[in-house]
Amino acid sequence: MADLWQLSISEALEKLSSGDISAVELTRAHLDRIEAVEGRVRSFVTVTDQDALREAEQVDRMRRAGETPGPLAGIPLALKDVLCTKDVRTTCSSRMLEHFVPPYDATVVSRLRAAGAISLGKTNMDEFAMGSSTENSAFFPTRNPWDLDRVPGGSSGGSAASVAVGEAMGALGSDTGGSVRQPGALTNTVALKPTYGRVSRYGLIAFASSLDQIGPFARSARDAALLMNVIAAYDPLDSTSVNRPTPDYLAALTGEVKGMRIGVPKEYFVEGVEPGVKKAVEDAIQTFVSLGAEIGEVSLPHTRYGVAAYYIIAPAECSANLARYDGVKYGLSVRDGAQDLVETTAITRATGFGAEVKRRIMLGTYALSAGYYDAYYLKAEKVRTLIKRDFDEAFEKYDLLMGPTSPTVAFKLNEKMSDPYAMYLNDVFTIPVNLAGNCAISIPGGFSEGLPVGVQLIGPSFGEEVLLRAADAFQRVTDYHTRWPELPPQKRAAKSRK
Amino acid sequence: MSIDRKTVDHVAMLARLALTDDERERTQEQLSAILEHINVIAEADTSRVPATAHILPVENVMTADQSRPSCSPDELLANAPAREGEYFRVRAVLEE
Numbered sequence: 001m002a003d004l005w006q007l008s009i010s011e012a013l014e015k016l017s018s019g020d021i022s023a024v025e026l027t028r029a030h031l032d033r034i035e036a037v038e039g040r041v042r043s044f045v046t047v048t049d050q051d052a053l054r055e056a057e058q059v060d061r062m063r064r065a066g067e068t069p070g071p072l073a074g075i076p077l078a079l080k081d082v083l084c085t086k087d088v089r090t091t092c093s094s095r096m097l098e099h100f101v102p103p104y105d106a107t108v109v110s111r112l113r114a115a116g117a118i119s120l121g122k123t124n125m126d127e128f129a130m131g132s133s134t135e136n137s138a139f140f141p142t143r144n145p146w147d148l149d150r151v152p153g154g155s156s157g158g159s160a161a162s163v164a165v166g167e168a169m170g171a172l173g174s175d176t177g178g179s180v181r182q183p184g185a186l187t188n189t190v191a192l193k194p195t196y197g198r199v200s201r202y203g204l205i206a207f208a209s210s211l212d213q214i215g216p217f218a219r220s221a222r223d224a225a226l227l228m229n230v231i232a233a234y235d236p237l238d239s240t241s242v243n244r245p246t247p248d249y250l251a252a253l254t255g256e257v258k259g260m261r262i263g264v265p266k267e268y269f270v271e272g273v274e275p276g277v278k279k280a281v282e283d284a285i286q287t288f289v290s291l292g293a294e295i296g297e298v299s300l301p302h303t304r305y306g307v308a309a310y311y312i313i314a315p316a317e318c319s320a321n322l323a324r325y326d327g328v329k330y331g332l333s334v335r336d337g338a339q340d341l342v343e344t345t346a347i348t349r350a351t352g353f354g355a356e357v358k359r360r361i362m363l364g365t366y367a368l369s370a371g372y373y374d375a376y377y378l379k380a381e382k383v384r385t386l387i388k389r390d391f392d393e394a395f396e397k398y399d400l401l402m403g404p405t406s407p408t409v410a411f412k413l414n415e416k417m418s419d420p421y422a423m424y425l426n427d428v429f430t431i432p433v434n435l436a437g438n439c440a441i442s443i444p445g446g447f448s449e450g451l452p453v454g455v456q457l458i459g460p461s462f463g464e465e466v467l468l469r470a471a472d473a474f475q476r477v478t479d480y481h482t483r484w485p486e487l488p489p490q491k492r493a494a495k496s497r498k
Numbered sequence: 001m002s003i004d005r006k007t008v009d010h011v012a013m014l015a016r017l018a019l020t021d022d023e024r025e026r027t028q029e030q031l032s033a034i035l036e037h038i039n040v041i042a043e044a045d046t047s048r049v050p051a052t053a054h055i056l057p058v059e060n061v062m063t064a065d066q067s068r069p070s071c072s073p074d075e076l077l078a079n080a081p082a083r084e085g086e087y088f089r090v091r092a093v094l095e096e
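Line by line, the protein sequences give chains A and B.
Per the numbering used here, residue 1 is the first one in the first sequence, and the count goes up by one each step.
Per the numbering used here, residue 1 is the first one in the second sequence, and the count goes up by one each step.
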């Protein structure tokens with residue numbers, strides 16, 4: 001029998017409900033797995049092992065008492081450290097929030113708790129979700145389980161790695177320009193960015209509010225559907241949450257894609273896409289052809305402006321959102337050496353933020369400042385309209401679009417740290433979806449020289465059912481998503497064992 | 001388009017970031033390089049295109065004027081760097 005940490009969420013739910021395993025056993029198996037691999041991968045900023053075991057005991061007690069446990073009762077999950085958790089430190093992987101303990105749970109967290117899910121802890125990320133490699137964490141980088149010399153992608157790299165290596169059965173991340181999908185692609189996990197407004201952002205520490213969206217990581221489309229069934233819901237506490245019934249995503253997994261119209265954007269196969277990535281995506285297209293889907297070429301002509309528009313809009317919103325870190329209400333406060341309140345604020349912020357966060361605040365403040373607003377911010381918002389229209393037109397003819405998630409497989413640590421714009425280009429195929437607000441999923445699509453390649457399926461607004469159906473149909477005839485990374489043995493610690 | 005040191009200083013002041021001289025120099029170089037790439041958007045024809053600030057038709061959300069449970073002052077002040085009673089303590093904003 002496979003180890004418990006290798007089970008899928010749906011398998012585990014069956015074993016839990018039949019009494020084959022207990023929530024405590026399942027949780028302990030994941031805590032043991034964390035103990036075994038965390039020294040090499042470093043997915044977590046905080047592991048809440050005692051809380052997790054307590055929650056698991058509670059689930060087991062409920063089950064024994066004959067109470068109906070929630071739909072995810074006993075399933076151990078990981079949470080990106082950008083999601084507020086009551087009484088559990090929430091750092092955003094920043095010195096600014098290193099000791100911040102939220103007084104409330106994010107809505108997604110309380111929904112998961114109510115569903116009986118177990119939180120294993122908080123995962124590492126690029127500071128304030130700004131980055132594509134998790135190297136911008138103020139604490140430490142997370143390693144890609146498929147090659148420990150490479151990055152897991154970002155900004156939700158810790159969540160992605162934790163699911164890829166079996167530390168957690170699923171995880172939540174946040175996706176502002178690709179921060180769920182790109183690490184999903186680089187770690188061979190299923191990673192969904194829902195439609196803007198589908199999942200409540202209440203308690204998600206804000207980066208760029210018109211783009212941020214919370215999404216799940218899982219090891220199959222089926223497991224992602226189970227997570228979506230719990231987290232997708234209208235929330236009066238988020239005024240941008242859309243009041244629209246949540247479908248049963250599991251019911252969407254019919255395995256049927258015959259006649260589904262899939263558009264392949266020609267702008268997603270340009271220079272810069274690695275041959276191994278291109279090959280895997282073309283093979284995936286053929287798989288969909290063999291399943292009866294109808295494939296056609298489509299053009300998204302404004303794709304080339306996406307990264308530029310994004311790197312005006314996202315930093316502009318971030319410069320406003322991060323203005324709240326003033327050293328007064330919570331977070332770091334450096335008062336020595338400052339003469340007055342303004343200096344306290346400026347010194348606190350210069351001390352608490354890392355290089356990339358400062359860079360984006362500067363860029364955003366510049367784009368919004370007098371004299372540059374029209375040329376940058378307003379222009380970018382008009383380009384945003386053009387990008388949205390590209391998608392609107394494409395979805396008149398196609399049910400979904402398909403291409404690479406990321407132009408490359410996982411890259412080496414430090415490879416792109418000295419060139420900010422080279423790092424930004426990782427998100428060239430994920431950014432347009434955030435600008436247009438629709439949904440997309442990255443699924444394991446094969447390997448290039450031993451490293452995972454993500455295939456991105458892009459759906460129209462509220463098209464999550466179509467995405468999950470297509471992803472699930474693909475996974476019924478492929479086995480990429482079932483493969484596990486083989487970690488090299490732990491380097492012997494300097495300390496000798498007793 | 002490159003930006004000069006004076007602009008960097010001004011923007012750092014607006015952003016309330018007490019950057020070191022090294023950081024200012026690096027910011028000047030890096031922002032100039034990033035802006036060079038970003039300027040590609042000038043090529044997009046947006047002459048008859050409205051701006052999209054937000055992809056949803058956002059409307060004001062009204063809630064009933066009813067009290068409901070909320071965090072206590074102590075909970076909210078628990079993360080305060082400095083407090084005095086039920087207040088956040090800060091340096092003087094105005095000189096005497």
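No lab work stands behind these hints: they were computed from the structure.
Bear in mind the structure is a predicted one, so any value in this text is a computation, not a measurement.
Glycine residues also receive a C-beta, built at the ideal position from the N, C-alpha and C atoms.
Possibly wrong hints are sitting among the right ones.
Claimed, not checked - So the derived list for chain B, only partly shown, Cβ under 8 Å to chain A, looks like this: (1) A15; (2) I38; (3) I41; (4) I55; (5) P57; (6) R91.
Unchecked claim - Some chain A residues well away from chain B (every beta-carbon gap over 12 Å; in silico): (7) D87; (8) F100; (9) A323; (10) E381; (11) E396; (12) D479.
What the hints assert, rightly or not - According to the in silico footprint, chain B covers these stretches of chain A (three or more CB under 8 Å from chain B): (13) 127 to 136; (14) 171 to 182; (15) 265 to 272; (16) 397 to 411.
Each hint, compared with the structure:
Taken as an interface hint, A15(B) checks out: its beta carbon lies about 4 Å from the nearest beta carbon of chain A, inside 8 Å. With a cut of 8 Å, the hint placing I38(B) at the interface with chain A holds, because the nearest CB-to-CB distance is about 4 Å. Evaluation of the I41(B) hint against chain A yields a held restraint, the C-beta minimum of about 4 Å falling below 8 Å. Because the closest C-beta pair between I55(B) and chain A is about 3 Å apart, less than 8 Å, the hint holds.
Violation of the interface hint for P57(B) is found here, the shortest Cβ-Cβ separation to chain A being roughly 10 Å, above the 8 Å cut-off. At its closest, the beta carbon of R91(B) sits 5 Å from a beta carbon of chain A; the interface hint therefore holds under the 8 Å criterion. Not every C-beta of chain B lies more than 12 Å from that of D87(A), the closest at about 10 Å, which undercuts listing it as non-interface. A beta-carbon of chain B comes within 12 Å of the beta-carbon of F100(A); the shortest separation is about 6 Å.
A cut-off of 12 Å between C-beta atoms contradicts the statement that A323(A) is not in contact with chain B; the least separation is 8 Å. The beta carbon of E381(A) sits about 4 Å from the closest Cβ of chain B, which is not more than 12 Å, so the claim that it is off the interface is violated. The beta carbon of E396(A) sits about 17 Å from the closest Cβ of chain B, which is more than 12 Å, so the claim that it is off the interface holds. The beta carbon of D479(A) is kept farther than 12 Å from every beta carbon of chain B, the shortest such distance being approximately 37 Å.
As drawn, the stretch 127 to 136 of chain A meets chain B at 0 residues by the rule of a beta-carbon pair under 8 Å; below three, the given contact is violated. Only residues whose beta carbon comes within less than 8 Å of a beta carbon in chain B count, and the stretch 171 to 182 of chain A has 0; fewer than three means the coverage is violated. By the rule of at least three residues with a Cβ nearer than 8 Å to a Cβ of chain B, the coverage given for the stretch 265 to 272 of chain A is violated, with 0 such residues. Closer than 8 Å: that is the beta-carbon criterion, and the stretch 397 to 411 of chain A has 0 residues meeting it against chain B, so the requirement of 3 is violated.
Comparing the model with each numbered hint stated earlier shows that hints 5, 7, 8, 9, 10, 13, 14, 15, 16 do not hold.
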